[in-house]
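From first to last, the protein sequence lines stand for chains A and B. Under this note's numbering, the letters of the first sequence match residues 63 to 377, in that order. Under this note's numbering, the letters of the second sequence match residues 21 to 556, in that order.
Among the hints, erroneous ones may be present.
Stated by the list, open to error - What the simulated footprint calls covered on chain A by chain B, stretch by stretch (three residues with Cβ under 8 Å from a Cβ of chain B suffice, anywhere in the stretch; the number is not a length):
no., stretch
1, 138-149
2, 228-240
3, 251-261
4, 314-325
Claimed, not checked - Covered, in the sense of this in silico footprint (three residues per stretch, anywhere, with C-beta under 8 Å from a C-beta of chain B), are these stretches of chain A:
no., stretch
5, 71-79
6, 95-101
Derived by calculation from the structure, the hints in this document are not laboratory data. Glycine included, every Cβ here is placed at the ideal spot set by N, Cα and C.
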Amino acid sequence: MILKFLLKRILASLPTLFIVSVFVFLLLRMVPGDPAALVVGDVANSAELARVRAEMGLDKPLPAQYLLWLADVLRGDFGYSFMNREAVLPALMERFQVTVQVIALAFLLSAAVAIPAGVFAAWRQNRRADIAIVTSATLLLSVPSFWMGILLILLFGVKLGWLPTLGFVPFQQSPTEWLLHIIMPTAALVFVETAILTRLMRASTIEVLGQEYITYARSKGLPESIVLRRHTLKNAITPTLTMLGLILGSLLSGTVVIETIFGLPGLGRFLIDAIYARDYPVIQGTLLFIVLIYVAINIVIDLLYPLLDPRVRQA
Amino acid sequence: MRLALLLSGTVALWAPQVHAAAGAKQSQEPVFGGVIRVAINSDIRSTNPGVRRDGNTDTVLYHIGESLVAYREDLSVGPLLASRIEISEDHRTFTFFLRQGVRFHNGAELTSEQVKWTWDRLLDPETGFRCLDYYDGSGASGLKIESVDILGRYKIAFRLNKPSALFLDRMASIPCQTPILHPESVAPDGSWRRPVATGPYRLGEWDRGKSVTLLRFDGYVPRSEPRNGLTGKKIAYADRLVFQVTPDRIIAKSSVYAGNIDLLFAMPLSAHNEVQRRVEQRGDVKIYHQDTLDWTVLLMQTKDPLLSDVRMRRAIAHAISTEMVTTFATYGLAPPNPSAIARATRFWRPYYGQWLSYDPELARELAREAGYEGQVLTIQANRKFSYMLDNAVAIQAMLNAAGFNARIEVYDWATQLTRFLNGDFQLSSFGYSARSHPALLYGNFTGSKEVRESYQWDDPLAIRLIEKLETAFTDAETRKILDRLHREMIRQVPIIGLYNDHVIDISRANLHGYEPWAFGRPRLWGVWISHAGAGR
Numbered sequence: 063m064i065l066k067f068l069l070k071r072i073l074a075s076l077p078t079l080f081i082v083s084v085f086v087f088l089l090l091r092m093v094p095g096d097p098a099a100l101v102v103g104d105v106a107n108s109a110e111l112a113r114v115r116a117e118m119g120l121d122k123p124l125p126a127q128y129l130l131w132l133a134d135v136l137r138g139d140f141g142y143s144f145m146n147r148e149a150v151l152p153a154l155m156e157r158f159q160v161t162v163q164v165i166a167l168a169f170l171l172s173a174a175v176a177i178p179a180g181v182f183a184a185w186r187q188n189r190r191a192d193i194a195i196v197t198s199a200t201l202l203l204s205v206p207s208f209w210m211g212i213l214l215i216l217l218f219g220v221k222l223g224w225l226p227t228l229g230f231v232p233f234q235q236s237p238t239e240w241l242l243h244i245i246m247p248t249a250a251l252v253f254v255e256t257a258i259l260t261r262l263m264r265a266s267t268i269e270v271l272g273q274e275y276i277t278y279a280r281s282k283g284l285p286e287s288i289v290l291r292r293h294t295l296k297n298a299i300t301p302t303l304t305m306l307g308l309i310l311g312s313l314l315s316g317t318v319v320i321e322t323i324f325g326l327p328g329l330g331r332f333l334i335d336a337i338y339a340r341d342y343p344v345i346q347g348t349l350l351f352i353v354l355i356y357v358a359i360n361i362v363i364d365l366l367y368p369l370l371d372p373r374v375r376q377a
Numbered sequence: 021m022r023l024a025l026l027l028s029g030t031v032a033l034w035a036p037q038v039h040a041a042a043g044a045k046q047s048q049e050p051v052f053g054g055v056i057r058v059a060i061n062s063d064i065r066s067t068n069p070g071v072r073r074d075g076n077t078d079t080v081l082y083h084i085g086e087s088l089v090a091y092r093e094d095l096s097v098g099p100l101l102a103s104r105i106e107i108s109e110d111h112r113t114f115t116f117f118l119r120q121g122v123r124f125h126n127g128a129e130l131t132s133e134q135v136k137w138t139w140d141r142l143l144d145p146e147t148g149f150r151c152l153d154y155y156d157g158s159g160a161s162g163l164k165i166e167s168v169d170i171l172g173r174y175k176i177a178f179r180l181n182k183p184s185a186l187f188l189d190r191m192a193s194i195p196c197q198t199p200i201l202h203p204e205s206v207a208p209d210g211s212w213r214r215p216v217a218t219g220p221y222r223l224g225e226w227d228r229g230k231s232v233t234l235l236r237f238d239g240y241v242p243r244s245e246p247r248n249g250l251t252g253k254k255i256a257y258a259d260r261l262v263f264q265v266t267p268d269r270i271i272a273k274s275s276v277y278a279g280n281i282d283l284l285f286a287m288p289l290s291a292h293n294e295v296q297r298r299v300e301q302r303g304d305v306k307i308y309h310q311d312t313l314d315w316t317v318l319l320m321q322t323k324d325p326l327l328s329d330v331r332m333r334r335a336i337a338h339a340i341s342t343e344m345v346t347t348f349a350t351y352g353l354a355p356p357n358p359s360a361i362a363r364a365t366r367f368w369r370p371y372y373g374q375w376l377s378y379d380p381e382l383a384r385e386l387a388r389e390a391g392y393e394g395q396v397l398t399i400q401a402n403r404k405f406s407y408m409l410d411n412a413v414a415i416q417a418m419l420n421a422a423g424f425n426a427r428i429e430v431y432d433w434a435t436q437l438t439r440f441l442n443g444d445f446q447l448s449s450f451g452y453s454a455r456s457h458p459a460l461l462y463g464n465f466t467g468s469k470e471v472r473e474s475y476q477w478d479d480p481l482a483i484r485l486i487e488k489l490e491t492a493f494t495d496a497e498t499r500k501i502l503d504r505l506h507r508e509m510i511r512q513v514p515i516i517g518l519y520n521d522h523v524i525d526i527s528r529a530n531l532h533g534y535e536p537w538a539f540g541r542p543r544l545w546g547v548w549i550s551h552a553g554a555g556r
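Turn these sequences into a full structure, and let the hints steer you where they fit.
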């Protein structure tokens, strides 16, 4: 049953991927700026420019360029970077490993703080604790993650000297250094995401707390902790789960700026550098990869619904 | 009879301005060991010199590889791997006598064999050497290396198709660097592996997107004369050089404060006052100032219907105060320079500072004469190089004040560069990267637009004068031609020169021996870290 559902979802996502690939390919070519010009710079002469363009395959007609690229992608070959001849797919995977560590940590921390905070605020609706939580969430939501990153660097890096201001150390190399390097970029992302999630969790919890079955549970004398845990949280988390998928996506885009600020060699910076350099194979490969991740996350979330909500299972 | 060229070390005339806090103790004696961490704003493109390159790539690679010749501090060319150079009377044959006992990073000794191998590889179009047109006859100079002949184990001759006074300057070029490599640098199929060269540092690890680490080459054999530009005695004090990719320059500056980075070069000029205050108040950093060879200009498309009239170009020049633009864009840190002869070169003299006077009234009159009736003048600029946008803003204000109708179009750098290469602009706020010899800079923007759209100055007299520079074998001859070129520039106004870029580098106070220079990029031999106050 699940396998059939999975297969159906995967097949349904194929047209999306195809449309995205065409869209990205064409959009990139419509943006002015010649990648060959950026490679040769101001030491260029016409012959050299033409040679580099041919080397990049840009001398071929657009449909031919697209079909060649698509054929390579279907074989699992995302091509080579125009700038440094690095194979795109292995580079993507390497950069993604860095990004996923920051995102996963930020995601877990956001969820760990926001879910209880949202439930608690809803439970204490319009009281001091609720107002404090909502105000904090609104404040945090108003601070862009890049600004938060700069503030963290100034405080913990420059002023106190507790944390390194840039770079990344793999966990395998040194767990302590890994943690020290990853704290600030993660924190910069966590604040905003926590705020969004808290507000969302609060709203859905308030809605659930107003349901008749909650009144019934309370009236039959169940302790408040059981009402909240067993009857409220379970029902309130489903809409939040949908949002969690979107938050993962927004975390992925948030890392673009954060990775640039903290000098992390992640997927976001990989993409930004490629855009400035008009590095078509890297941009196309990265965007396609990000779309794949979005699709995968949404499939996973769809699979989680029936586990959390029996009504979905029955449907 | 052959002319022996004595290319021995000369005393540097130039001295950088270095400000350190009074309290910062200079380490009297150099110290071996440690790591120097340098911020670079983007990753290198490859480890293949002169082939897949950009400014950061060049910077990293000139610590690894060495050419037969290199620039001295005064931007003259001196021997590096050569011990001396003989130039034939007809100036077509350059014979290099190699220093003996020089070792490659793999332990092999440098001989004429590797020099020939390196040059054969560079001249092979398959290699993709960016500056092949310097040497294969296809460039504006028409210069071609006809042969590279081994005359002995340590003696090798380059035969040119015509006399050239600039051959050694081209060979020493940093963007077009030609380090002598060992054949082990490439795989049997000819694909690039890693540089096995003769420099004071060897490649350790390139962690893509993150850092490039160089390790001290213990077998390095330095020259005997004092450090001078990219030649002279190079002593690698640090065990390791780490070029750390730090895309954001302001964060890089904070990282110097925090002790995570030891040196940041080309810091945004806007941060100058803040860093200066820190130098004075805390003394934990040093600040270095340097005028570079990079030349900032306003390009004018002489094929444009309006701008093809020299009166219109002169009108625009009279409407712009280069002094004011320079002060505005460089925070008063750089002097203006309307000529293509950089202030840092030995050829500079006050005459090259002369330009059309700032006279908005005359500008209006000339524009009227040229039939200008308020048509829009579009200035292209970009945000990547913010000074280009700053220049454009100042120029627009002056042009509009003088009665022109100027507007700015802001592109990203890729678009502006492509438009520049295609000649697709009316006015463009632009910059030319460093060229050591004025002839090379003039050669980069002078020529027929039919040959290359990016040539700005398409004038037969100017082209002839630049060809003459190719065979000007003395500085006096060169100066005479440069004078004429500048005179013609003032008359024809194909381009409006503004200033040579000013760079500010900052380092931790415990970094010693560092000196900026006219190329605006760091040299890290002869530089050491004292242990006291070392950063994280």
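Hint check results:
{"no.": "1", "hint": "138-149", "in the structure": "holds (count 4)"}
{"no.": "2", "hint": "228-240", "in the structure": "holds (count 3)"}
{"no.": "3", "hint": "251-261", "in the structure": "violated (count 0)"}
{"no.": "4", "hint": "314-325", "in the structure": "holds (count 4)"}
{"no.": "5", "hint": "71-79", "in the structure": "violated (count 0)"}
{"no.": "6", "hint": "95-101", "in the structure": "holds (count 6)"}
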